[in-house]
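The listed protein sequences derive, respectively, from chains V and Z. Residue 1 is where the first sequence starts when you use full-length UniProt numbering, and the numbers rise one by one after that. Residue 1 is where the second sequence starts when you use full-length UniProt numbering, and the numbers rise one by one after that.
By construction, these hints were calculated from the structure, which means they are not laboratory data. Every value quoted in this text rests on a predicted model; they were computed, and no experiment measured them. Note that the Cβ used here is the ideal one computed from N, Cα and C, for glycine as well. Nothing false has been slipped in among the hints.
The following label-pair restraints were derived from C-beta to C-beta distances:
no.: 1; chain 1: Z; residue 1: LEU261; chain 2: V; residue 2: ASN163; range: 57 to 65 Å
no.: 2; chain 1: Z; residue 1: GLU262; chain 2: V; residue 2: PRO132; range: 55 to 63 Å
no.: 3; chain 1: V; residue 1: GLY51; chain 2: Z; residue 2: GLU664; range: 49 to 57 Å
no.: 4; chain 1: Z; residue 1: GLU271; chain 2: V; residue 2: PRO132; range: 42 to 50 Å
List of simulated lysine-lysine pairs, PhoX-like, C-alpha gap at most 20 Å:
no.: 5; chain 1: V; residue 1: LYS78; chain 2: V; residue 2: LYS187
no.: 6; chain 1: Z; residue 1: LYS502; chain 2: V; residue 2: LYS191
no.: 7; chain 1: V; residue 1: LYS78; chain 2: Z; residue 2: LYS510
no.: 8; chain 1: Z; residue 1: LYS98; chain 2: Z; residue 2: LYS149
no.: 9; chain 1: V; residue 1: LYS50; chain 2: Z; residue 2: LYS514
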Amino acid sequence: MATAPRSGGSGSGAAQRPNGTSQNKSCQFKLVLLGESAVGKSSLVLRFVKGQFHEYQESTIGAAFLTQTICIEDTVVKFEIWDTAGQERYHSLAPMYYRGAQAAIVVYDIQNQDSFQRAKTWVKELHKQASPNIVIALAGNKADLSNIRVVEFDEAKQYAEENGLLFMETSAKTGMNVNDIFLAIAKKLPKNDNNPGTVIKPNGNESTQTTNNCCK
Amino acid sequence: MERGSSYPNAADTSAAAVPEETTLSIVQQRFKADETVHLIFEAYQIKGREHFEGLLTLVSSSSGGTYAIISFSLLRTPLTGSNDLKINKVFPINTSFKLTTDNKGSKTEQQFELCTDDDRPSQYCYHPIRTELGSDEFNEFCAEIDSCKRTMWDGGSPSEAVLNFRWLDDYREIGEVKQELKKRESEYIVYKDIVIYCATWNVNNRPCWDNKNTLRPWLACGEKAPDIYAIGLQELETTAKAMLNGNQMQMYATQWVRKILENLHNGVEYEELQSVRLYGIMLIIIVRKQLRQHIVRCRVNSVARGVFKTLGNKGGVAVSFQLNEANICFVNSHLAAHMGNVAERNDDYKAIDMSMRFEENGLQLRTINDHDHIFWLGDLNYRIQEPIGQQRPGPMSDAQTFELMLQFDQLRMEMSYDRCFKGYTEGEIKFAPTYKYDVGTDTYDTGEKQRAPAYCDRVLWKGKRIEQLEYNGVMEIRESDHKPVYAIFRVKIKTRDDYKYKMVLSEVLKAVDKRENDSQPQIITDRPIIEFGLVRFNEPVIRDFNVYNDCSQQVDFKFKVKDLPNDICEKWLHVDPRSDSLMIDSARSIRVRMLADANSVTGLLKKICSTSDRCDFDILILHVRSGRDIFITVTGEYQPSCFGLSMETMCRTERPIGEYTLTEIKELMLDVTPMYRVPMPREYFLLIDYLHKQSGQLKGIFQSYDRCQPLSSQFNAVRDWLDTWSDDKFPGTPQTAAEALLLLLDLPEQALLEPFVDDLLATRSKADAERYIDLLSEPKRNVFKHLCLFLCEGIERGDYDANNIATIFGRVLLRSSKCNVTIDYHSRCSEFMQRFIRIENPDTVVGGNGLSSASLQT
Chain V
1 MATAPRSGGS GSGAAQRPNG TSQNKSCQFK LVLLGESAVG KSSLVLRFVK GQFHEYQEST
61 IGAAFLTQTI CIEDTVVKFE IWDTAGQERY HSLAPMYYRG AQAAIVVYDI QNQDSFQRAK
121 TWVKELHKQA SPNIVIALAG NKADLSNIRV VEFDEAKQYA EENGLLFMET SAKTGMNVND
181 IFLAIAKKLP KNDNNPGTVI KPNGNESTQT TNNCCK
Chain Z
1 MERGSSYPNA ADTSAAAVPE ETTLSIVQQR FKADETVHLI FEAYQIKGRE HFEGLLTLVS
61 SSSGGTYAII SFSLLRTPLT GSNDLKINKV FPINTSFKLT TDNKGSKTEQ QFELCTDDDR
121 PSQYCYHPIR TELGSDEFNE FCAEIDSCKR TMWDGGSPSE AVLNFRWLDD YREIGEVKQE
181 LKKRESEYIV YKDIVIYCAT WNVNNRPCWD NKNTLRPWLA CGEKAPDIYA IGLQELETTA
241 KAMLNGNQMQ MYATQWVRKI LENLHNGVEY EELQSVRLYG IMLIIIVRKQ LRQHIVRCRV
301 NSVARGVFKT LGNKGGVAVS FQLNEANICF VNSHLAAHMG NVAERNDDYK AIDMSMRFEE
361 NGLQLRTIND HDHIFWLGDL NYRIQEPIGQ QRPGPMSDAQ TFELMLQFDQ LRMEMSYDRC
421 FKGYTEGEIK FAPTYKYDVG TDTYDTGEKQ RAPAYCDRVL WKGKRIEQLE YNGVMEIRES
481 DHKPVYAIFR VKIKTRDDYK YKMVLSEVLK AVDKRENDSQ PQIITDRPII EFGLVRFNEP
541 VIRDFNVYND CSQQVDFKFK VKDLPNDICE KWLHVDPRSD SLMIDSARSI RVRMLADANS
601 VTGLLKKICS TSDRCDFDIL ILHVRSGRDI FITVTGEYQP SCFGLSMETM CRTERPIGEY
661 TLTEIKELML DVTPMYRVPM PREYFLLIDY LHKQSGQLKG IFQSYDRCQP LSSQFNAVRD
721 WLDTWSDDKF PGTPQTAAEA LLLLLDLPEQ ALLEPFVDDL LATRSKADAE RYIDLLSEPK
781 RNVFKHLCLF LCEGIERGDY DANNIATIFG RVLLRSSKCN VTIDYHSRCS EFMQRFIRIE
841 NPDTVVGGNG LSSASLQT
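With the rest of the complex left out, here is chain V (with noise of 0.2 Å):
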């Protein structure tokens, strides 16, 4: 004789969340900086990171990793931002640094023609080379200068539309757009709970890893 309960009712259907609490999503995805050296790519970073600027900022001998996370909406998003040196002695090395990265900031300055053409050759390489998923923003930086720029708005607009990128003139110096360009590519990224995504972490081991959907 059954003597296990019965239930009733329209309990199936019951939203089942892992913890009950804090149901934010959280993804990881790694970004990096690429464009040509001294266009303000660490500054960038530290103004988003850190809410700072140097006007001296130290060039950039290696691969920076700093750790941001910001929140859209229901979904918490931690960046590993890697910030690459742009001399063109390293040029070599930067495949290490976009393989496997869900979004990339490249940048120039808008004074900086050849900075711009530079650019233009950094989103072809990652078009071509990096994976097909990337997210790409195009940075116009030090926008505070516009007054001496070389680089119109518009020149620059047109060919991030023709190429799918995002794109947003930025000042590290003001914080202009700063915020909102990291947060613009946070919400193109998918975020999906099941979406794995190659994360190459600070230790140097690729690994695929499943962006989990617990708050870390």
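Knowing the structure of chain V, use the given hints to seat chain Z on it.
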């Protein structure tokens, strides 16, 4: 290893040094007041090839009655505070917990694995602090775990159901952000009022369609429309016939739910959240439609009691769910009947209270008491046990009479003796006993048994922030021998203020990011560029640089393997050490050796040619574990030498190669026009000429050649002699000259007979082969012919053996990138060479020029 003082064997700590005490207290800070750290065991966690220093801590919770091992990694050593500890894994010591040793015979490398639940096992390498005691400590650690298991399971069969690991949820798979959020809960938690309507009725086996009348007097009281209804029914239809027919019972149940839904408070949309039934005992939870989305983790269960304590004609059913941040539980029970069965009723209560579990993470873990707000209702069946001779009250008695009767209420008495419903509260009763009435009347039992009136039907509660608004019996519902009862509560529900929560969350995230970024291990190098200056062929140069630990923790570094070459550095460099650890404030010297030799010069020249500007020798990536990468550029000026250059390049020079800069040589190397200054490189001519003149002393000089072998001590002098077109006497022996000649032939990227190696090997006669030889570039053709002539003469003079020469030179001249593809490759090379060095008619080889130097001296 450290012990917590609260552990029974605390006497062992007497020997522990003071700093270790501190570690224990720091670790203890990470836990709640009722959680005790018993033991700390230092261990490396092994992950793939890497390992991390960590602490394994054995912790118990007095509320859960369970033990667990929590593995921490150390963000800083020595520990300065609990923030330096990061939880990386929680191992509840449950039935699936395992500790397996992988004793490889070495005391210091004793590995063990911890695993639990559905997780993949995490492997740890045991690392004793005091080596001589290591093994003992590990055994002690294992013994402690065994002792914990015994404590928890009390020697009997392990039953997960009685243990509670929920305290671990605060540490499991969450990490810093959640822990911080938990700490700051008070900043974003608010309390929201909701109205909960509890109702209970023993329906006396009546199907609900017997109740033609409205249930509103029972279910729609109170001014405010309730947010949640919890309605308990007993004796739904418990005749033996009905109990054997599940479908019929289910039909009754459905009818009741429908009827109840029709009789709720007006003007509010309700929906059934969950119902649960154990035969005649049924609990129906109904909520406001808008509230539904805030409810999660709705679970039900039941505990059967009654006949044989298991049949289920008595017992309890319960529903557990979470509303916002509050856990709420409703229990409906029908306890043992009859005046004399007080102890049985108490036992029924205890059984339900003890055994009712709700599923969590796949296990039946949550108890009734693991809720913030508990409402227990039902036909509890406690009677009025009046002293003999007490006057039974009439049906419409007043409050004073009720109060008098309640003095003899068994439930109140039992509760006052703590024999049941410990911690529960019941509101004041201002209504008539709800049992037993003649059906259809408000008259107490006039039947044969004349049962004494009693407050069988009750509503109790337990938990914080509960306020009872009403508690009443309903006289005008007369279909049963019981009167229905209801109680209305106002409950302050723990709720997250989303705005404040987001503020706190963003602050917490910021702080965690900051900590993560600031605690990044850092090292500095004394130079980003390693300058080698002038580097010459076959002359190793050594440079040292220092790395210094610039932070307050141990730093592991290694040179990263790059894509090209698939190594940490190019072939002409050697780096030592390739990886190491730096203690705080310590420095390490790293040695880089540069050597362009027979094995690497071709690659170096190729790299130089493929780089537009000045070429760096290499860029090393110094990687700090969990930190940044530092690029170290290795640079210098390579002094060109004839070794490694192609014959074409050498024929374009107009002065000794040693007088050229690398840039100039690079230009010559990249030149592809067939314009040559000389028909054949002077360097070849000089060597061959010298060797030619040493006839008689050449025995065995070509006997062995291997480009991987170290070069003779005079080699560098010979190199300079060649690179300066020196008029001096040859600075070496014939042996050195032979070595240099073979190297000159062997080092260029292309073998002398390229691009026709395959074609030449396929030819069957010397005449066939010569057609291809004629197609070689002028310098190559001339070197080949000149060389063959020289070798022929030597063989003729008996300086060396034809077979030997054919083997060695065949391999060098016909060197193929696809070499060794065929088994007979070497023999075919040798065979080919034989055709050109065997003396037939020397005139046919180079048109009788002999070894004249006339054409080269222009």
